[in-house]
Amino acid sequence: MFDKYIFATYHEQIINAVKKFVFSNKDNTDLSTYMVPEPNGFIEFDDFVLYKINYEIINNCKLSLEIIVIADVIVRQYIKGEMEIDTKPKFVSVYAEVELDAGIKSFQIYNAEFKSDQYKKSKNLKLSKDWVPYIRRRNFDDIAEKFLRKYYPQALSQPTPISVETIVAEMGLSIHQEKLTIDDSVFGKMVFKDTDVEVIEEEQLVTKHFNKGSILVDKDVVFKRNVGSYNNTVIHECVHWELHKVFHEVKMILDQEHSTVSSWTEENMADSSMWSSLDWMEWQANGIAPRILMPKIQTKIKIRELFQTLTLVNPDISRSELVRGVVDELAEFFNVSKQAAKIRMIDLGFKEANGVYNYLDDRYMHNFAFELEAFDNGSSYTITSNDLCFEYCFNEAFRQIIDGNKFLYIDNHLCLKDKKYISMTKDGPVMTDYAYEHMDECCLLFKVKSKKYTTISDEDYYDYVLNRGVTRESEIKADFVEILQNPSLMDQLPPLEMVRLSKNISDLLKGLPFEFSGTLRSHRKRKKCSQPLLANIVGITEKTLRSYETKEDNLPKLELALAFCFALKLMPPISEDMLEKAGHKLTKIHQHQVYKLLLSTSYYKPLAEINTILQAAQMKTL
1 MFDKYIFATY
11 HEQIINAVKK
21 FVFSNKDNTD
31 LSTYMVPEPN
41 GFIEFDDFVL
51 YKINYEIINN
61 CKLSLEIIVI
71 ADVIVRQYIK
81 GEMEIDTKPK
91 FVSVYAEVEL
101 DAGIKSFQIY
111 NAEFKSDQYK
121 KSKNLKLSKD
131 WVPYIRRRNF
141 DDIAEKFLRK
151 YYPQALSQPT
161 PISVETIVAE
171 MGLSIHQEKL
181 TIDDSVFGKM
191 VFKDTDVEVI
201 EEEQLVTKHF
211 NKGSILVDKD
221 VVFKRNVGSY
231 NNTVIHECVH
241 WELHKVFHEV
251 KMILDQEHST
261 VSSWTEENMA
271 DSSMWSSLDW
281 MEWQANGIAP
291 RILMPKIQTK
301 IKIRELFQTL
311 TLVNPDISRS
321 ELVRGVVDEL
331 AEFFNVSKQA
341 AKIRMIDLGF
351 KEANGVYNYL
361 DDRYMHNFAF
371 ELEAFDNGSS
381 YTITSNDLCF
391 EYCFNEAFRQ
401 IIDGNKFLYI
411 DNHLCLKDKK
421 YISMTKDGPV
431 MTDYAYEHMD
441 ECCLLFKVKS
451 KKYTTISDED
461 YYDYVLNRGV
471 TRESEIKADF
481 VEILQNPSLM
491 DQLPPLEMVR
501 LSKNISDLLK
511 GLPFEFSGTL
521 RSHRKRKKCS
531 QPLLANIVGI
541 TEKTLRSYET
551 KEDNLPKLEL
561 ALAFCFALKL
571 MPPISEDMLE
581 KAGHKLTKIH
591 QHQVYKLLLS
601 TSYYKPLAEI
611 NTILQAAQMK
621 TL
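Residue numbering for the sequence shown follows UniProt numbering, beginning at 1 and increasing consecutively.
Careful: at least some of the hints might be erroneous.
Claimed, not checked - Ranges of calculated distance between the beta carbons of each label pair, as one might list FRET restraints: (1) 505 <-> 555: 18 to 26 Å; (2) 13 <-> 150: 25 to 33 Å; (3) 26 <-> 348: 53 to 61 Å; (4) 588 <-> 321: 55 to 63 Å.
In case anyone wonders, no lab produced these hints; they're calculated from the structure. Ideal placement from N, C-alpha and C gives every residue a C-beta, glycine not left out.
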């Protein structure tokens, strides 16, 4: 649509430029046709058709245009005394510069040439047909460096905290803190022309006037999040002004109501094939803003400096605490969030940052460390219960490992059963400090993959690793790949403690009654669990429980039998025995495979937590 607007508005200038160029260069181009093999010097024009316009950004208000016109040239030649006439289409590129400022401020043609098929290199950013700059993720650091060289060059000479206010002033913009939405869904807006914007005051929508170049930042960003989020929001909007102002200038020419762009939310845009132009611009601003706040070379220097300093200050510091300290100090130095600092470290090749500040089920997980050579990029030592169930049901190699009863599912890690890595407490098994510092020794590693595509973007990987929840819907999963595992971990035999435990379990099973009722009663008393407590946990009356404990022919359904096993935290062989006595055997159907997995890896967890996992797997609770 804008192509047609340009061609119609500046039609006379464009056509005159084409005519002048063709007339001046008619002897330097091929105008012959089948009908007119040797045209004479006199030519005319029959028609001019716009083929397409290519756009490049010179700066945030100036465009370079290649206007490609098909000129139908009328050629003549006398052949055997008769005048032969034909038309020869010629592709002509007319080059112009356009300055945009609430409309087209100037249009200047500066060159023309016959269209060449050869690719012309340019330092300018090319634009898509939807006016979004073509930018690859690998170029984000270069774009950020160019931005800083223009507005804050001191940040490129040594590690320096970025003053967002200075950058805003250098760009001729202004910051306004307003309440933008009731639900905090929008952190910032960029105003591209003088306009009225609706904001929230005293929980009511009011209209306020803002001038072009106003950055609106939600006033609760600092209070509800942190200064780092505020800085990132401001720079995010500055990126929109620098890279995407042309997009909005064009939109304003074609749509007079267009004036602002809402941005910097926490929406997860999983499927890039479905992205709109605004989605792509958000992706660009999301990726470039933290690179401006933490420029590549200087941030690497600062990270290495922090590792050295913190190690000198505390030589005995654990590896995970050291990495957490570096993330904390890096975030404080550059005035960014800890999450942003962690992601930047991973971006720059510091894989150890994967072990700190992982968020799951509304809490930060225990930090952990690992040998760097043992960790494959795009992997995770953490797996959600949903992914655990999926892998167990559909990955034969993984199922065989789990059925070997060598691993426990603790703190969303699958950890090797060994007193070196797991200790027993009154609340159940927990991973030892040694285990958390040596994850590659004791925990299975998973490859983070897309459920739909062969590759996964860095953004989706960070989203999966940093912000997972058991009930979260995601198109990303953790996949067990045997070749990634530590060979020594996979080859380990059950330790002596496990052998002794197996003998104790065998002795216990031999001493149990033959019927379900006596077995249930025996386990309840062995676990020192009263009838009222057990009945309350599994959701039945005391009278019903007494019936199961006294009547040999009163056998529970599978779900209740499983509930008894989890409520009493029975180990896998003991659960299998009680299920058999209740008349049940787990088969290979999907539902039973999930039960088997949970009995093997999570028997020690409270029944309420087991039910949460089942709900997340869209299964009936026990």
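Tested hints:
1. Take residue 505 and residue 555: their Cβ atoms lie about 23 Å apart, and the range 18 to 26 Å holds.
2. Our hint of 25 to 33 Å for residue 13 and residue 150 holds, since their Cβ atoms are close to 32 Å apart.
3. For residue 26 and residue 348, the Cβ-Cβ distance of about 57 Å falls inside the hinted range of 53 to 61 Å, so the restraint holds.
4. Checking the proposed 55 to 63 Å range against residue 588 and residue 321 shows it is violated: the Cβ atoms sit about 45 Å from each other.
Checked against the numbered hints listed earlier, the structure breaks hint 4 alone; every other hint is satisfied.
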